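Asker: Build out the structure end to end from the sequences listed, making use of the hints.
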Amino acid sequence: MKFSRLEYTPKDIVFGFSKKFLRYGIDLEVGNGLVVPEIKYFPRVEKNVMEEYKHITEQLLKRAVALGTESLQLETELTYLEMEDKKLVAELINLQKSMIERYAKEHGLHVGYRVTVADIRDFGKPRHDEESFNKMMEIFELASSNGADVLSIESEGGKELFNYSIIRQDLTGIVSSLGYLATFDMKRLWKNIVSIAKNKSILAGGDSACAFANTAMKIAGGLKDNMIPHSLASIVRVMSACRSLIAFEEGATGPGKDCAYENVYLKVITGCPMSMEGKSSAVAHSSLVGNIIAATCDLWSNEQVENIKLFGGYGPEVFLEILHYDTKLMNMAIAGGQQYCLRDLMIKSDKLLNPQAFVLSPDIVYEISKVIVGEKDELSRTVASAIKAIELMSNEEKLNLSKGEKRFIEMAKRKLEEIYSSPSQKVEKALEQYVGKVEKLRVKDYLEA
Amino acid sequence: MKFSRLEYTPKDIVFGFSKKFLRYGIDLEVGNGLVVPEIKYFPRVEKNVMEEYKHITEQLLKRAVALGTESLQLETELTYLEMEDKKLVAELINLQKSMIERYAKEHGLHVGYRVTVADIRDFGKPRHDEESFNKMMEIFELASSNGADVLSIESEGGKELFNYSIIRQDLTGIVSSLGYLATFDMKRLWKNIVSIAKNKSILAGGDSACAFANTAMKIAGGLKDNMIPHSLASIVRVMSACRSLIAFEEGATGPGKDCAYENVYLKVITGCPMSMEGKSSAVAHSSLVGNIIAATCDLWSNEQVENIKLFGGYGPEVFLEILHYDTKLMNMAIAGGQQYCLRDLMIKSDKLLNPQAFVLSPDIVYEISKVIVGEKDELSRTVASAIKAIELMSNEEKLNLSKGEKRFIEMAKRKLEEIYSSPSQKVEKALEQYVGKVEKLRVKDYLEA
Amino acid sequence: MSKEELLDAIRDSIVNLDFDKSKEYTLKALEAGATPQEIILKSIAQGMEIVGKKFEESEYFLSELIVAGEIGKEITKILEPYLKGAEMKKVGKVVIGTVRGDLHDIGKNIVAMMLEAAEFKVIDLGADVPPEKFVEAVKNENPDIVGMSALLTVTMVEMKNVIDALKEAGLREKVKVIIGGAAVTEDYAKSIGADGYGANAVEGVRVCKQWVKQK
Amino acid sequence: MSKEELLDAIRDSIVNLDFDKSKEYTLKALEAGATPQEIILKSIAQGMEIVGKKFEESEYFLSELIVAGEIGKEITKILEPYLKGAEMKKVGKVVIGTVRGDLHDIGKNIVAMMLEAAEFKVIDLGADVPPEKFVEAVKNENPDIVGMSALLTVTMVEMKNVIDALKEAGLREKVKVIIGGAAVTEDYAKSIGADGYGANAVEGVRVCKQWVKQK
Ligand code: B12
Ligand code: B12
Ligand code: SF4
Ligand code: SF4
Ligand SMILES: [Zn+2]
Ligand SMILES: [Zn+2]
Ligand SMILES: [Zn+2]
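Protein chains in written order, with the numbering used here: chain A, 1 to 449; chain B, 1001 to 1449; chain C, 2001 to 2215; chain D, 3001 to 3215.
No lab work stands behind these hints: they were computed from the structure.
Treat the hints loosely; a few may be bogus.
Said to hold, decoys possible - Some but not every residue of chain B turned toward chain A, in silico, with C-beta under 10 angstroms:
1. V1065
2. I1120
3. K1224
4. I1322
For clarity, every value in this text was computed on a predicted model and none was experimentally measured.
C-beta: ideal position from N, C-alpha, C; glycine also.
Answerer: So this is what it looks like as structure tokens:
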């Protein structure tokens, strides 16, 4: 289903509330007036996998009881290694779910459980590695029948070209990757995931453009790093919104995946609840959007933290405690009707310091989202939304932009407008040239799938 | 100087503002409308000390630049081991200060630098280990002449008796420790520290009752741990305020030491700026007061984090990023005149869930502080403040108290009132009995010092 | 009150953590003809059992368990002269201490007290204990178990030193070694060749009990 | 335009990251009688130097440095037929790859491109490279340096495997080994016996330059 109007205005979108809120897991309600912590963890690789997960799950549930955290969500992001062993995956999901059930019953916790399947495809292989694709689908099935409440993935269709392009700040390549190649893969993938989820009556959560937008964010780095322009990273984020939206167009219902910062756009467009991560995910990657991204979240996450001993406990429980207090503050605001006040502080905190934060600000998101839903197809909305973002950045005098950023913005405007004049032709022509230059790029396999 | 009135009402006390705000370090202003992150770190012990500090300092200053953190404070808490080597201490303070100066100059940062000296005395030795006492004073001198802007300590006078008493929930012992023995030691110690600081024109920061109130907090644990009553831990906090206040009575000016959660009291009574730690110090110890304690801070800290590699960088820089966003939110609130709104959310978040949070709520702090400044000496204010705390807890019907907590509160009320009827006599008589029973307790050495 | 009533009253005063009353009733019970053995079995043991149960049911705090234990100990002191030198039966003997360089002893003290409550004989070496002292104590006291505590990363390594020193002195095989404290983990315990680990006092006591049962 | 003017125009088109113009001027310069050597020294080298400086002065982005490098490479391709087989002088040779099991190659690619810009010959083995492949490449290509990248904790250990395989093949002493990637640290590099470590691409290139200078 194509979305053609916006569910929120910048005035009424806020954390804890989503029009299409959800009930799932063990008595968990998401998006109906409560922000829920979603904790993510990474097992130590030198340890036995099952014991690591057992240890992590137990420590988290205990800490929740100790702190009085009433609602929470656990997310297990399967690793490439774990994906090799289907039996192990089934067992570990089963183990976690049964522990969750036991604690929930004993202590009255409300718990959701998200399982994220790794995209293990080697896109250089014929038909984009069909064998791995099938394995991924089997693991989605497996996760569904062993206790997952929400399915997610950070899929990577189009990334060969993206990686080549991003460090060359090559906008044609980036557009061709996110606005064209990726769209074919997203459609196929999410048709399948949605059908698996529906079959088992669980939720098809959402997809993160992590391999694109977060890579760009990570490469852009700090305020003074000068690796790639922050304005480039910010338009990659906007274009990623056009790509990640496809999961919802194919029937995903959320909650959207935490590391998809583009979720702000998806919430405005779809009205589905979204997980976000910001300041506390400094443990996984630094960002310049630590507060602003909280403004519209329904779940609040830390990204992955390793299961190592710190003075105050193991990594996951320490970060659960931090999330606990952050969400409590938001929930208190809701309880007192002050959610908009707190939201505005979060926005003001980051908005004008950096373009990456700027494009996550609800008012900006709203303007760009209007463009997204107004365009006729994925490719043109990808280009048009980026142009709109550039326009809004240029027009905001108070936005902190270095000379280099301004130089890039000028260049990007010209380039994007040129592409917009005839997107399909430009992209198709460019793709011919990339084949051969870009390792592993198999354009035809995208179109045929 | 004895403080006889309160500087704040519950209505006007708030984070970022202190009546006696300070300017120090490199262009740093504390308590004049800005909350400043204060980052603490713990070097890996298997590494070369100097290289660890160099690495930590560099990573922190770099991250501050990357994030645009304009004001910050570093705190080095010397360890027992480092205290052994005066030359090393001088060198490391020098090193850190010169790195701070270089970065501050290049990037326009405002930076303060706190050095905390470890209390290395063995209270079981004659005259409470005079040799160690002198070494501590030498190190305070050394720190002052090598670049420290603020001096602090977490002193331990009276802890032999406290440790014995706390796990027996023996209130007479606790009162005798905090309200009597500790006061002698605090006075002597802080006379000396204040004179060293004045000599070098730097700041005498403050003292934390870490060895008392945080030990009690740590032992009390989570909501359902049942180790000692949380109401016991909360009255220990109140009594600790009476003890830590002595540093200011002897001339300390703040900023108070982060882990002294009793600082809320000291701010109300003295008007000096205070550092606090809450949710982000989960990395060092779990607490039930993660938000409420932020309501009145002037600096905001993480407690100590080890210098280990996490996905997003090393421990200290990761936590600096978290503090950066937390303080930014508070500062945005101040900028928009909404600080009271945010403060009230912080308070509401924790206040009624647990007695430990309850006694840190500004309104409760205010009531109890009135009692503190109204009593004639340290001992009687210690008992009277605890009685007041008990009274306020009993009267608050919405306060979450288990049956066990209520049983303890009843008992404590009786016991404390009995002591209050003739405090000195009761304490002196009790002390006679503790000598011999309590390892290392040398009552006479307190009185003679 | 009858003898039986007095025995019950002692038990109840333990449960109520009333030190003064427990003393009063003990003296009265002895007057009324109760034997020390009766008082130990019917009053102290039963009182402690009730308190232990209340702790496990989250009605009592650990601190109250400890206080009850101390009251029990005080009553036993009163009984000593009547016991005619017959030593109390203990389930095992533990030498315990916080390792060299580490002054954190609260956790260790709790473990020691809980072990005593579980009827172990405990020799507490205190804090900041060098390896030699542990070795000496094992030589002289011939314990079943050696317990060590460490809260600092810096001092964790001392635990290995103690184990090495025990080996060198040919004593390692004679004792079980258990370690604990916020710094250490189960993994660490394994890595240095300790026999057991206790994340908290309750767990530590459970492990020790199991060991002496196996004997 | 004169030959000199054309050489300057090529240089400026590199600085302005204008691929089309650089090509145009290069062909014109050749027509006007410029030798490939002149173009390389006066246009490309100088252009790259200016871009490098602008990067160091934070005026340009790393991505722009890379684009400039690619333009330089394209110009060199145009010049190749005119160079009469005279191979371009390279300062050293590097075999580089992301280790087995690890697909993160962006960081590695940046390092490779920066090395090329610094006039190294770079043989890029790609990502997910097993130890045998590294050994084979060292055998066949006889490089000065082997570079490895890893971003996952799981795959870090592969770096040691590569070093061991090089040892086994008797090749370890022939090359310097440098490692990098978000997972590894300087300490880790030392612990597995690598010769160097680069926290980022700039640092890595600096280390490699030093090594070939020492030769
Ligand atoms: C109280 C305290 C102190 C008090 C100690 C008082 C005393 N006599 O014990 C004082 C203030 C003196 C102190 C000093 C220092 N401390 Co201190 N302290 C603490 C604190 C807040 C609580 C410790 C405590 O008593 N916990 C309560 C008890 C009940 O818990 P526990 O000890 O873990 O014990 C339980 C279990 O572990 C287990 N257990 C313990 N031992 C054993 C043994 C066996 C055999 C078994 C089976 C089980 C077992 O059972 C117990 C009950 O369930 C911790 C914070 C923390 N996160 O733990 C820091 C902490 C331990 N201290 C720390 C530091 C750095 C110091 C100092 C070096 C500070 C300085 N800069 O000088 C000094 C060092 C002094 C020294 N040489 O030892 C760090 C340690 C960092 C590290 N990992 O190395 C901590 C973690 C605080 C922090 N986050 O920075 N400290
Ligand atoms: C982009 C990315 C991906 C992309 C990779 C795209 C690609 N082709 O490279 C995708 C989405 C595919 C991906 C997949 C996965 N990823 Co990933 N990913 C990242 C991310 C966000 C950024 C990495 C990046 O490109 N950085 C930018 C470059 C420029 O930096 P860099 O690589 O560090 O390189 C610089 C330096 O390190 C140095 N350098 C690098 N190599 C070398 C070599 C030499 C010789 C020298 C001198 C220097 C040097 O110079 C470079 C430039 O300055 C990081 C987050 C993070 N915090 O790093 C996670 C991260 C690395 N990924 C992670 C994980 C867990 C995964 C998955 C396992 C997820 C899953 N559940 O399946 C898979 C694994 C796939 C596999 N088998 O490899 C974890 C790793 C955890 C760990 N420590 O083990 C991270 C840290 C994220 C997290 N916090 O959880 N990932
Ligand atoms: S951390 Fe967030 S951004 Fe970094 S890799 Fe995992 S998901 Fe992508
Ligand atoms: S962490 Fe805070 S509380 Fe814990 S020891 Fe250090 S200072 Fe005391
Ligand atoms: Zn991701
Ligand atoms: Zn993610
Ligand atoms: Zn402290």
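Asker: Compare the structure with each hint and give your call.
Answerer: Quick rundown of the hints versus the structure:
no.: 1; hint: V1065; verdict: 6 angstroms, holds
no.: 2; hint: I1120; verdict: 20 angstroms, violated
no.: 3; hint: K1224; verdict: 6 angstroms, holds
no.: 4; hint: I1322; verdict: 5 angstroms, holds
Checked against the numbered hints listed earlier, the structure breaks hint 2 alone; every other hint is satisfied.
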